[in-house]
Every structure is written in C-alpha cells, then in structure tokens.
Amino acid sequence: MSTLLEVRDVKTYFYTMKGVVKAVDGISFKLNKGEVLGIAGESGCGKSTLAYTIMRLVPPPGKIVGGEIIMEGKNILKLSEEEFRKQYRWKKISMVFQGAMNALNPVYTVGFQIAEAIMYHEGLSKREAMARVYKLLQLVGIDPKRAHSYPHELSGGMKQRVMIAMALALNPPLVIADEPTTALDVVVQAQVMNVLKKLQRELKMSIIMITHDLSLIAEIADKIAVLYAGKLVEFGTAEQIFLNPQHPYTRGLINSIPRLRGDIKKLEWIPGLPPDLSNPPPGCRFHPRCKYRMDICSKEEPPVVEVEPGHYVACWLHAKK
Amino acid sequence: MKLFDPTPDKDTIMYAKGLKMWFPLRRGITDIIKRRPRLYVHAVDGIDFKIQEGDVFGFAGESGCGKTTTGKAVIRLYDPTGGVVGYKPRKKLLEEWSSMGYEPPMDEHGYVDLAKIPRKYTRPLRKELQMIFQDPYGTLNPRFTIFEILEEPLLIHGIGETREEREDIVAKALEAVKLVPPEEFMYRYPHMLSGGQRQRVVIARAMILNPRFIVADEPVSMLDVSIRAEILELLLDLKRQFKLTYIFITHDLAVARYITNKIAIMYLGKIVELGETRRVLENPLHPYTKALIAAIPEPDPRNRLRLRDIPIKGEVPSAVFVPPGCRFHPRCVALDQNPQLKPSCTQKEPPLIEVEPNHYVACWLYAKK
Chain X
1 MSTLLEVRDV KTYFYTMKGV VKAVDGISFK LNKGEVLGIA GESGCGKSTL AYTIMRLVPP
61 PGKIVGGEII MEGKNILKLS EEEFRKQYRW KKISMVFQGA MNALNPVYTV GFQIAEAIMY
121 HEGLSKREAM ARVYKLLQLV GIDPKRAHSY PHELSGGMKQ RVMIAMALAL NPPLVIADEP
181 TTALDVVVQA QVMNVLKKLQ RELKMSIIMI THDLSLIAEI ADKIAVLYAG KLVEFGTAEQ
241 IFLNPQHPYT RGLINSIPRL RGDIKKLEWI PGLPPDLSNP PPGCRFHPRC KYRMDICSKE
301 EPPVVEVEPG HYVACWLHAK K
Chain E
322 MKLFDPTPDK DTIMYAKGLK MWFPLRRGIT DIIKRRPRLY VHAVDGIDFK IQEGDVFGFA
382 GESGCGKTTT GKAVIRLYDP TGGVVGYKPR KKLLEEWSSM GYEPPMDEHG YVDLAKIPRK
442 YTRPLRKELQ MIFQDPYGTL NPRFTIFEIL EEPLLIHGIG ETREEREDIV AKALEAVKLV
502 PPEEFMYRYP HMLSGGQRQR VVIARAMILN PRFIVADEPV SMLDVSIRAE ILELLLDLKR
562 QFKLTYIFIT HDLAVARYIT NKIAIMYLGK IVELGETRRV LENPLHPYTK ALIAAIPEPD
622 PRNRLRLRDI PIKGEVPSAV FVPPGCRFHP RCVALDQNPQ LKPSCTQKEP PLIEVEPNHY
682 VACWLYAKK
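Protein chains in written order, with the working numbering: chain X, 1 to 321; chain E, 322 to 690.
FYI, nobody ran anything at the bench for these hints, they're computed from the structure.
Cross-link-like lysine-lysine pairs, in silico, DSSO-like; alpha carbons within 27 Å at most:
1) X:K266 x E:K560
2) X:K266 x E:K499
3) E:K437 x E:K409
4) E:K634 x X:K198
5) X:K11 x X:K299
6) E:K331 x E:K412
7) E:K564 x X:K266
8) X:K265 x E:K499
9) X:K198 x E:K611
10) X:K145 x E:K634
11) E:K634 x X:K135
12) X:K265 x E:K560
13) X:K92 x X:K204
14) E:K448 x E:K413
This one's a predicted model, so the numbers in the text were calculated from it and none came from an experiment.
Make the full structure from the sequences, and use the hints.
Pasting the structure below:
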C-alpha cells in the first residue's frame with residue numbers, strides 16, 4: 001500500500017494573551033491510500049486542531065509553527081495559500097465539519113451549497129454542477145429532489161449526509177471527518193456511519209475520523225492514533241489498540257466505556273484532569289494521572305517505541321533508558 | 322393477556338397513571354380568524370409506570386421521545402396536562418403542608434397526587450424531590466461562587482440560621498460529592514472548575530436539601546469518557562449512603578445498563594417497553610427497542626468489517642400530528658413482515674402487555690386473545 005499522507009512532527013500553537021497553548025505539539029503519523037485512521041482523545045487534546053492543521057484552516061491566534069505534511073511528495077505546509085486552495089483544499093483533502101448541522105448556510109439551498117465548490121474548482125456551469133449534485137445526494141442516500149430544500153427543511157441526519165456529500169463533491173482521495181455524528185441520535189448515527197463505510201469502500205478513499213468516542217472509532221477505523229494533551233501516545237491497528245493497548249491512558253479510556261453485552265464489570269476511570277496546555281507538566285504529559293508513574297516520567301519525555309510491528313507507544317514502561 | 326398495572330404496592334415510592342404533558346403551539350392570527358383548533362406537542366402522551374424505593378429507574382430513548390419531560394413533570398417542574406403522579410411523602414412534608422394550612426389531594430392508596438398540587442404549595446416538594454441537570458456548563462450561575470450556588474436553596478427554604486451554620490451544611494454537601502477539602506472549592510467560581518467538578522457541584526446542589534428522590538437528566542452525557550465512570554460511581558455511592566431513589570434519564574443504553582435496575586424505553590411520548598434493565602437489553606421485544614440496540618456502536622474492532630443492519634425505516638414523525646394506532650407503525654419493520662396485524666397497528670394503540678414476568682411491551686405482535 002502506498003502512503004497518501006505523511007505528517008511529520010507537526011506543531012500548532014495558539015498565541016493567546018495568557019501564553020502559548022501548545023495544542024498540537026510534535027505529532028507524526030502515516031496514512032496509506034484507502035485506509036481509515038481514527039484519531040481518539042478527549043476534549044482539548046488537540047484532535048480538532050490537528051484536523052484544521054491538515055486543512056490549513058487553523059483559526060487565529062493559532063499558527064502552524066513546525067513540521068511537515070507530505071502529500072504526493074510535496075510538503076503542503078510550504079505551498080502558498082493560493083496554491084493550496086486551488087490544488088489541495090477540497091480537491092485533495094476535504095472535511096466534514098463538527099456540528100455540521102450548523103455549518104450549512106440557511107439562506108441557500110443545500111444543492112447550491114454543494115454545487116458551489118464544483119463550480120469554482122472545475123469551472124462548470126450551474127446546470128452541469130447540479131447534475132453532479134443529484135448524483136452525490138443519491139450516493140449518500142438522499143432523494144435528489146432534496147437538493148432544492150433549505151437546511152431547515154431537512155432533519156439532522158439528512159443535513160449530516162449533505163455535509164458528507166459536500167465533502168465528496170470533488171472526489172478527493174482524503175476526507176477528514178471531525179466528530180461527524182455528534183448531536184445525532186444513535187439510530188441516525190448508525191445510518192450515517194453506514195453511509196461513510198459504504199462510500200469509503202466504493203470510492204476507495206482515505207478517511208481521518210476524529211472522535212472522542214472509542215466505540216465509534218471501532219466502527220470504521222483500520223488504524224488508530226490516541227492523542228493526549230497535544231501528543232501522540234499510541235498508534236496501531238484497530239486490533240492492536242483495542243485488544244492489546246499498551247499506554248496506560250489508552251487502557252484507561254477503553255476500560256471506562258460501559259458495555260452493552262457481557263458481564264457488567266466495575267468501570268475504571270482516570271483520576272485527575274488533562275493538563276493546561278499553556279503550561280504542560282514536564283516529562284510525560286500523562287504522568288500526573290498515571291498509576292504506573294516512575295521517577296523518569298516527570299523528568300524526560302518518553303520516546304516513541306515500536307512494541308510490535310506497526311504498534312507505537314510513547315511510554316517509559318516500554319522505552320529503555 | 323395480562324396488562325401493566327401501575328397500582329402501588331408496599332415498596333412503591335412513586336407511580337404514574339396516564340401521565341400527559343402537552344405543550345400548546347402558538348396560534349398565528351390566521352389560525353385564530355379561521356378558528357383552527359389549538360395544536361399541541363404531545364411530549365408525554367399518557368404513560369404508566371411504578372418506581373419502588375431504592376430503584377434506579379431509567380428512561381431511555383432518542384431526543385424528543387419525552388424522557389426529560391417525564392422527569393420534569395413528575396417532580397412538578399412542569400404542570401402535567403393530565404394523569405396521576407402518586408407519591409408517598411415523608412411525614413415532614415405532610416407536616417409542612419398542614420402548617421401552611423394545606424390538605425394535599427390523596428388517592429385511594431394513600432398517595433399524594435403530585436399532578437394536582439397547586440403551584441402555591443409545590444415549594445416544600447423540593448426538600449424531597451430534586452433534579453440533576455444535564456449541562457454542568459449551563460446550569461451554574463457564572464456570577465455566583467460555589468458557596469452562593471449551594472447556599473441559595475438553604476436561604477429559600479430557611480435552613481441554617483447563621484452564615485456559619487450554612488457554611489457547615491455546604492461543606493458537608495461538598496464532602497459528600499468528594500470535592501475535598503471543601504474550603505478550597507467554596508469560594509471559587511464555576512469557570513475555575515473542570516466539567517467533572519462542576520457536575521459534582523450540580524449534584525451537591527441537588528443533595529443539599531437532603532432529598533430522597535432525584536431525577537438525574539443525562540448527568541454524564543456532557544462529560545469526557547474518562548471521567549464519566551467516576552460520576553456514575555459517585556451517584557451509586559450517594560444512593561447507598563442516603564437511601565435515595567433515582568430516575569435516570571439517558572440516551573445511552575450502555576450507561577443505562579451500568580447504573581439502572583429498571584428501564585422504560587420511550588418513543589414519541591409513550592413507553593414502548595418496560596422491565597428489568599438486563600432483561601430488556603438482553604432480550605428486547607419491541608421492534609423499536611431492537612432497532613435502538615442494533616444501532617449502538619461497541620468498542621470491538623471487528624465492527625468495522627460489516628455494515629450495521631438497523632431494522633427501522635423512515636424518521637421520527639412530528640409529536641404534533643402523532644400517527645394513529647401504534648405510533649411506531651410507520652417505521653416498523655415487524656409490521657411489514659406481519660401484514661395481518663395492520664388493522665390493529667394502524668388503528669388501536671397497544672397497551673403494555675406482560676410477555677414474561679415483569680417485562681412489558683406495547684406491541685400488537687405480543688397480544689394474545
């Protein structure tokens with residue numbers, strides 16, 4: 001399998017009045033063509049910022065301050081905004097935004113909002129673009145007649161599917177889905193996930209799926225990256241992460257999910273709070289909450305170690321000094 | 322065919338019979354001129370249930386099914402449109418009412434009908450019935466310190482003569498929810514606390530009047546997964562320590578399975594399935610419950626290799642124009658497989674039928690002559 005996207009030591013900092021918030025602080029991973037990568041982590045761990053970094057849409061006062069993002073042999077962080085907008089954004093990398101229900105413009109029909117990107121990027125007429133829109137809506141399981149509806153006339157699940165159709169408009173090889181199902185009910189969530197899964201298979205696209213819900217990640221991801229406080233703590237295949245988690249944080253997260261089947265086990269939780277990212281703890285950022293912490297954990301940052309093929313962990317339990 | 326009977330028995334603390342909560346829609350000027358009748362949102366549309374002392378009674382369903390409305394109606398945060406909410410009060414409450422010169426309406430079982438108490442006399446209820454709200458970011462006044470937030474119910478109910486006394490009570494409540502040492506939290510503002518700590522303050526506020534019945538409305542849905550378990554355990558701890566009974570409202574059936582012992586699955590203002598939680602979730606009988614359970618994601622990486630089969634069609638209809646007969650019939654897959662049931666399903670509302678001991682389903686599939 002060939003690499004589609006490589007993220008190398010990317011850093012995105014927010015320069016606020018209260019200091020520098022290191023939201024994404026040196027994250028690296030590779031994504032292959034046709035693969036689904038799940039990025040998991042709690043609120044404030046930097047997962048959405050990472051998505052916006054890849055889209056080069058980090059809102060001020062945020063800034064991408066370091067690292068490389070390689071796509072098709074080019075470092076897309078080095079391109080000018082003009083080049084990136086014309087050649088990459090939406091064409092090569094598109095995004096399903098969080099809270100998609102509110103991301104649609106209420107004064108345009110949903111069909112026009114999808115067509116807009118097609119018209120600008122491919123220079124098609126409105127009529128030609130709308131023909132594509134009908135096909136896209138069909139693809140995500142919406143009656144093409146709905147193209148002429150306004151957002152308020154659609155249900156939450158339908159709006160979400162419109163957002164997915166919009167992300168697919170230019171047939172990009174990579175789609176980033178940032179919490180694509182929050183605020184949806186379980187039945188609708190499952191339907192939207194089915195749509196995503198089906199499309200991923202049919203169009204052989206890559207997806208980066210960002211969510212705090214590990215169960216949802218298990219529904220779609222081939223590989224999983226677990227973030228904590230702006231750092232990657234564990235990376236591996238879905239089986240490796242769920243069946244053989246190595247980082248104490250990953251284990252804590254998995255053991256804190258109540259299950260629907262099997263015995264009712266007492267739930268575990270991770271005591272304490274995630275750190276303030278403008279003043280993260282020294283050494284391993286997880287050490288204040290970790291029950292296995294050692295002396296070295298508060299002094300030096302753990303290196304990323306490959307514990308089995310393709311399974312990486314940043315923890316002193318696995319690193320040898 | 323045995324139907325559900327909400328008649329209270331010796332351990333029943335609360336029961337509801339035909340509880341209705343409708344909200345009127347605004348009528349426009351043309352509606353008034355044309356004399357169109359007023360329309361209502363049928364948020365809760367005639368439900369029966371029975372809660373025993375010490376239960377954690379779950380109400381589950383999708384948004385808009387009426388679960389929160391039910392919770393608010395039974396403790397009289399709303400004024401129910403119809404039906405009976407029978408409640409067995411403590412002696413203290415009856416004494417307080419009689420000192421106000423009020424004689425509460427009693428039903429034939431000696432339960433007070435909460436639905437019929439005039440607004441004037443509902444205040445003393447707060448010492449028995451309390452609520453934990455969903456959003457710990459929205460329900461704490463940002464201009465009040467934690468002490469002021471927790472002191473307010475004491476002032477309203479005239480508990481604690483001096484500030485020192487009230488500080489004492491507040492400190493105890495903070496200790497009960499494990500915000501220790503209390504002095505460290507009392508004079509902070511909500512924005513200085515994390516989500517989990519705020520939710521503890523919300524719980525402390527519900528506990529401070531020493532209630533015995535608490536409606537917890539999605540208390541963990543806004544929290545990060547890693548701290549949800551901590552709050553759930555705290556709720557169970559408090560229940561044991563203070564002998565509480567909970568109504569636990571949730572959309573997450575896995576959470577419901579962990580914390581509740583009985584559950585009512587709601588759909589569009591009606592209870593469609595009722596029983597012991599484990600039984601209902603392991604052996605769901607109503608076509609809606611089956612679909613709901615089939616849709617829940619689980620942390621099993623094998624799931625990515627298959628599409629989920631969710632046996633349901635269409636979308637939730639409007640709660641203003643409720644479908645006739647069984648309100649689930651337009652979405653029901655079981656009806657398509659059993660077309661002989663069509664006359665019943667589309668015309669008659671199904672009652673809660675006992676299918677196995679203490680497991681009730683409102684579905685014509687299970688009706689026997």
